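J.: Letter by letter, the chains look like this.
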Amino acid sequence: MLKLVRTFFLTLASLLLVTATSPALAADASMADYKYVLHISDMDPSKQDLILNNARNLLDAYPPGDVDVEIVAYGPGLRLLFADNVNAKRVESLAMSGVRFSACGNTLKGMTQQLGYAPKLNPAAKVVPGGIVRIGELVKQGYIYVRP
Amino acid sequence: MLKLVRTFFLTLASLLLVTATSPALAADASMADYKYVLHISDMDPSKQDLILNNARNLLDAYPPGDVDVEIVAYGPGLRLLFADNVNAKRVESLAMSGVRFSACGNTLKGMTQQLGYAPKLNPAAKVVPGGIVRIGELVKQGYIYVRP
Amino acid sequence: MLKLVRTFFLTLASLLLVTATSPALAADASMADYKYVLHISDMDPSKQDLILNNARNLLDAYPPGDVDVEIVAYGPGLRLLFADNVNAKRVESLAMSGVRFSACGNTLKGMTQQLGYAPKLNPAAKVVPGGIVRIGELVKQGYIYVRP
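Residue numbers (the numbering used here), protein chains in the order written: chain A, 1 to 148; chain B, 1 to 148; chain C, 1 to 148.
These are computed hints drawn from the structure, not numbers from a lab. Small disclaimer: the values here were computed from a predicted structure and weren't measured. Where is the CB? At the ideal position from N, CA and C, for every residue including glycine. Heads up, some of the hints might be wrong.
What the hints assert, rightly or not - Below, simulated DSS-like cross-link-like pairs (lysine-lysine); rule was C-alpha separation at most 25 Å, straight line:
1) Lys120(A) <-> Lys109(A)
2) Lys140(B) <-> Lys89(B)
3) Lys109(C) <-> Lys109(B)
4) Lys35(C) <-> Lys35(A)
5) Lys126(B) <-> Lys35(B)
6) Lys35(B) <-> Lys120(C)
7) Lys35(B) <-> Lys140(C)
8) Lys126(C) <-> Lys109(C)
What the hints assert, rightly or not - Going by beta-carbon spacing under 10 Å, a handful of chain C positions derived as facing chain A:
9) Tyr62
10) Thr107
11) Gly110
12) Tyr117
13) Lys140
14) Arg147
Next up, chain A with everything else stripped away, as it sits in the complex:
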């Protein structure tokens, strides 16, 4: 019974988190010529370096305003967006250059239940209800999907 109550509050907490942070993504109908959605769901930490390099290379390859990059992280890949990730500074610096970072709310909910607390996310990350749903929306809007 106690466990049920705890689960209820954890779920409520993650739902509030999702509601609180997702409106920030509302106005993302990008006018850029090249729009990329980069996807990370791997356990392997070397993929975190690679996807950040990819985002950097995209920013460097096009004139400012011509490229739009969003990184969607879910599953084991969500760790990239943890506040204490080794790449946290690079994530923040890319965010300041305009890269968006979307954290999967479903994964967050699952991890919160497993850990017993909500993992602290990088302030650059925005929580979306579902990472895979977010990817689908972006592809429908003409984003180029790449999964490094």
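Put chains B and C on the given structure of chain A with help from the hints.
T.: Structure of chains B and C alone, referenced to chain A:
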């Protein structure tokens, strides 16, 4: 010489298997608004869990009938569709919720030759001639490609 | 100071390499019905086999001229296109069947700096400025993206 004869019969067997099961996929011009093709070709068994979670999340994210999900498995990822896979029950349950599972005939042929017998597939799986060709057809039909 | 000079010349060398080899890719507006861009950026060598099998299966699945296949390699996946890779012969044989191989110039630059010399590439490989940018261009031209 014996080996040649054996190879011939194994190849024949897999060809018959392909012919027998693929017509079931004929009528798949889906009318759903959101159509996803999820691809698995990884060795790593943790990917099997992840792709099934992804399919589940997609079904839960949209009203019934608005989403269409097909999982295409090839290479080492074909194991997800083996009858004795640890996730076999989840595969069947997702299939009952409308998720389609396509098993690559080329991979099956290769595995059959290596094993000396055709691996038993999950009854929810349909064999397609080639997994990568199937993905291409679906993308051409407007499916959103995601590779977890 | 010596290190700086060395880095300068290595960078210059890779830039020249990029300029020298990329024009070969200029005329690639393919008229094939099925155009695929296959992407490799994995460390795992088993992925090299898989992507070459995939290219082969695509060539075999369509009548000649109906399919166009380009493999884009970057990050740790660039190793597929090294001259001394175990799969070098298969790469060359697929190239003779019309498959194009694009090697990421950014990755090459980084590897050249790390190694202290430019790794020798398979003669079948063409260097493109950036692997991810190349993938984006191809997808914009209607290529089907698959990441084995």
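J.: Give a verdict on every hint.
T.: The hints, checked one at a time:
no.: 1; hint: Lys120(A) <-> Lys109(A); in the structure: 12 Å, holds
no.: 2; hint: Lys140(B) <-> Lys89(B); in the structure: 31 Å, violated
no.: 3; hint: Lys109(C) <-> Lys109(B); in the structure: 41 Å, violated
no.: 4; hint: Lys35(C) <-> Lys35(A); in the structure: 20 Å, holds
no.: 5; hint: Lys126(B) <-> Lys35(B); in the structure: 18 Å, holds
no.: 6; hint: Lys35(B) <-> Lys120(C); in the structure: 43 Å, violated
no.: 7; hint: Lys35(B) <-> Lys140(C); in the structure: 20 Å, holds
no.: 8; hint: Lys126(C) <-> Lys109(C); in the structure: 14 Å, holds
no.: 9; hint: Tyr62; in the structure: 23 Å, violated
no.: 10; hint: Thr107; in the structure: 9 Å, holds
no.: 11; hint: Gly110; in the structure: 8 Å, holds
no.: 12; hint: Tyr117; in the structure: 21 Å, violated
no.: 13; hint: Lys140; in the structure: 7 Å, holds
no.: 14; hint: Arg147; in the structure: 5 Å, holds
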